[in-house]
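Asker: Sequence:
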Amino acid sequence: MSSTELRVIISGGGTGGHIFPAIAIAQAILKKRPDAKLLFVGAEGRMEMEKVPAAGFQIEGLPIMGLQRRLTLQNVWLPWKLLKSMLKARRIVKEFQPHVAVGVGGYASGPLLKAASSKKIPTVIQEQNSYPGITNKLLAAKSASICVAYQGMEKFFPAGKIVVTGNPVRAAVLHSGKDRATLLQQFGMSHDRPVILVVGGSLGARSINEAVEKSAVAWLAAGYSVLWQTGKAFYDKAVQKQSANLRVFDFISDMGGAYKLAELVVSRAGAMSISELCLVAKPSILIPSPNVAEDHQTKNAMALVQRGAADWVKDQEASTALEGKVLALMQDATRRESLSLNARQLGFENADAAIADEVIRIALTQSAH
335 MSSTELRVII
345 SGGGTGGHIF
355 PAIAIAQAIL
365 KKRPDAKLLF
375 VGAEGRMEME
385 KVPAAGFQIE
395 GLPIMGLQRR
405 LTLQNVWLPW
415 KLLKSMLKAR
425 RIVKEFQPHV
435 AVGVGGYASG
445 PLLKAASSKK
455 IPTVIQEQNS
465 YPGITNKLLA
475 AKSASICVAY
485 QGMEKFFPAG
495 KIVVTGNPVR
505 AAVLHSGKDR
515 ATLLQQFGMS
525 HDRPVILVVG
535 GSLGARSINE
545 AVEKSAVAWL
555 AAGYSVLWQT
565 GKAFYDKAVQ
575 KQSANLRVFD
585 FISDMGGAYK
595 LAELVVSRAG
605 AMSISELCLV
615 AKPSILIPSP
625 NVAEDHQTKN
635 AMALVQRGAA
645 DWVKDQEAST
655 ALEGKVLALM
665 QDATRRESLS
675 LNARQLGFEN
685 ADAAIADEVI
695 RIALTQSAH
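For the sequence shown, the numbering used here assigns the number 335 to the initial residue and increments by one for each residue that follows.
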């Protein structure tokens with residue numbers, strides 16, 4: 335590899351929890367190597383096909399899809415789509431000729447990293463969760479390096495390949511340059527009241543949305559404002575309840591601004607949400623999704639709860655317990671401050687730069703052979 339050339343493919347996606355770390359890694363690579371050529375590879379029709387170009391990067395889509403857990407005709411197409419994805423991934427690798435391929439999890443990372451490995455191109459995995467997904471577990475054996483966010487990942491991956499980096503968080507999430515008055519106006523809030531921010535992940539969360547629908551009246555009556563990200567499926571129903579102090583969005587693009595406004599955050603316990611909450615040091619009530627592999631969101635949440643860095647509510651208890659839990663915490667400034675301080679201790683600063691360093695190191699090692 336010449337000193338003026340570095341070509342990197344970053345693959346994966348499906349949810350914000352995979353896409354935004356990928357974008358943060360790409361931006362960190364460009365900071366260190368402005369000459370780098372970057373290409374994203376995602377799954378056709380998924381969120382990354384919109385979010386990656388919006389961040390200024392080129393992306394190619396594979397026709398890959400996931401296995402549906404219930405019996406459905408879609409599963410009949412899976413082998414065909416997998417084959418087409420493998421062939422397209424090989425073509426992309428052959429044409430782009432990357433020095434290294436990075437997988438961030440999600441459907442597209444499997445075919446792309448397999449195609450890269452078959453061409454003897456080194457691969458780097460970035461695993462965000464305390465319990466890795468099946469794709470990353472399968473890819474680990476042939477990977478040159480595995481960047482993780484939690485200690486103790488040797489039970490899943492070869493110990494010699496593990497680098498503990500933390501999860502990369504977009505700079506815009508950590509540093510909102512806007513003042514409070516500007517942010518209130520941006521989110522359409524008429525009054526400056528303490529803000530409860532509710533986020534159910536980038537795709538939304540039905541149980542959280544239904545609990546908020548039930549609880550919001552009491553929160554508003556107690557003198558608070560609510561900033562509510564619903565996801566697309568629940569948006570039309572929720573937006574009918576919108577008012578001066580209850581603002582509803584299907585997706586919040588300025589999460590940095592939303593965090594800055596918030597006095598308290600109600601959130602799923604996805605790895606990226608937890609990384610962000612620790613770095614912005616916000617008190618939170620976590621509601622782990624029960625619909626994920628090996629219940630990894632509960633494991634993520636417990637990593638904070640056991641250190642006094644977050645409160646939590648079980649998903650099946652959200653409709654009855656969330657209203658009171660939020661009110662109690664909003665009325666207890668000392669407890670919120672304690673959660674905030676403990677969360678800050680668990681944040682990994684500069685994870686994006688650490689992963690970028692590892693990606694560049696692997697690419698340089700390869701070129702030396």
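I should point out that these hints are in silico values taken from the structure, not numbers from a laboratory. Even glycine gets a Cβ: it sits at the ideal position worked out from N, Cα and C. Take the hints with a grain of salt, since some may be wrong.
[Claimed, not checked] List time: in silico BS3-like cross-link candidates among lysine-lysine, alpha-carbon distance up to 25 Å:
#: 1; residue 1: Lys453; residue 2: Lys428
#: 2; residue 1: Lys415; residue 2: Lys453
#: 3; residue 1: Lys418; residue 2: Lys454
#: 4; residue 1: Lys489; residue 2: Lys633
#: 5; residue 1: Lys512; residue 2: Lys548
#: 6; residue 1: Lys418; residue 2: Lys366
#: 7; residue 1: Lys418; residue 2: Lys428
#: 8; residue 1: Lys489; residue 2: Lys371
#: 9; residue 1: Lys495; residue 2: Lys512
#: 10; residue 1: Lys495; residue 2: Lys454
#: 11; residue 1: Lys566; residue 2: Lys366
#: 12; residue 1: Lys371; residue 2: Lys428
[To be verified] Label-pair restraints from in silico Cβ distances:
#: 13; residue 1: Ser524; residue 2: Ser452; range: 33 to 43 Å
#: 14; residue 1: Pro492; residue 2: Arg669; range: 37 to 47 Å
#: 15; residue 1: Lys548; residue 2: Ser524; range: 48 to 58 Å
#: 16; residue 1: Lys633; residue 2: Ala567; range: 19 to 29 Å
#: 17; residue 1: Lys633; residue 2: Gln574; range: 29 to 39 Å
#: 18; residue 1: Ala667; residue 2: Lys418; range: 32 to 42 Å
#: 19; residue 1: Glu339; residue 2: Arg425; range: 15 to 25 Å
#: 20; residue 1: Arg425; residue 2: Val573; range: 26 to 36 Å
#: 21; residue 1: Leu421; residue 2: Arg514; range: 35 to 45 Å
#: 22; residue 1: Ser577; residue 2: Leu421; range: 44 to 54 Å
#: 23; residue 1: Lys418; residue 2: Ser577; range: 40 to 50 Å
Asker: State for each hint whether it applies.
Answerer: Hint-by-hint comparison with the structure:
{"no.": "1", "hint": "Lys453 / Lys428", "in the structure": "holds (8 Å)"}
{"no.": "2", "hint": "Lys415 / Lys453", "in the structure": "holds (21 Å)"}
{"no.": "3", "hint": "Lys418 / Lys454", "in the structure": "holds (21 Å)"}
{"no.": "4", "hint": "Lys489 / Lys633", "in the structure": "holds (15 Å)"}
{"no.": "5", "hint": "Lys512 / Lys548", "in the structure": "violated (32 Å)"}
{"no.": "6", "hint": "Lys418 / Lys366", "in the structure": "violated (35 Å)"}
{"no.": "7", "hint": "Lys418 / Lys428", "in the structure": "holds (15 Å)"}
{"no.": "8", "hint": "Lys489 / Lys371", "in the structure": "violated (35 Å)"}
{"no.": "9", "hint": "Lys495 / Lys512", "in the structure": "violated (41 Å)"}
{"no.": "10", "hint": "Lys495 / Lys454", "in the structure": "holds (17 Å)"}
{"no.": "11", "hint": "Lys566 / Lys366", "in the structure": "violated (36 Å)"}
{"no.": "12", "hint": "Lys371 / Lys428", "in the structure": "holds (15 Å)"}
{"no.": "13", "hint": "Ser524 / Ser452: 33 to 43 Å", "in the structure": "violated (58 Å)"}
{"no.": "14", "hint": "Pro492 / Arg669: 37 to 47 Å", "in the structure": "holds (42 Å)"}
{"no.": "15", "hint": "Lys548 / Ser524: 48 to 58 Å", "in the structure": "violated (24 Å)"}
{"no.": "16", "hint": "Lys633 / Ala567: 19 to 29 Å", "in the structure": "holds (26 Å)"}
{"no.": "17", "hint": "Lys633 / Gln574: 29 to 39 Å", "in the structure": "holds (36 Å)"}
{"no.": "18", "hint": "Ala667 / Lys418: 32 to 42 Å", "in the structure": "violated (56 Å)"}
{"no.": "19", "hint": "Glu339 / Arg425: 15 to 25 Å", "in the structure": "holds (21 Å)"}
{"no.": "20", "hint": "Arg425 / Val573: 26 to 36 Å", "in the structure": "violated (43 Å)"}
{"no.": "21", "hint": "Leu421 / Arg514: 35 to 45 Å", "in the structure": "violated (52 Å)"}
{"no.": "22", "hint": "Ser577 / Leu421: 44 to 54 Å", "in the structure": "holds (52 Å)"}
{"no.": "23", "hint": "Lys418 / Ser577: 40 to 50 Å", "in the structure": "holds (48 Å)"}
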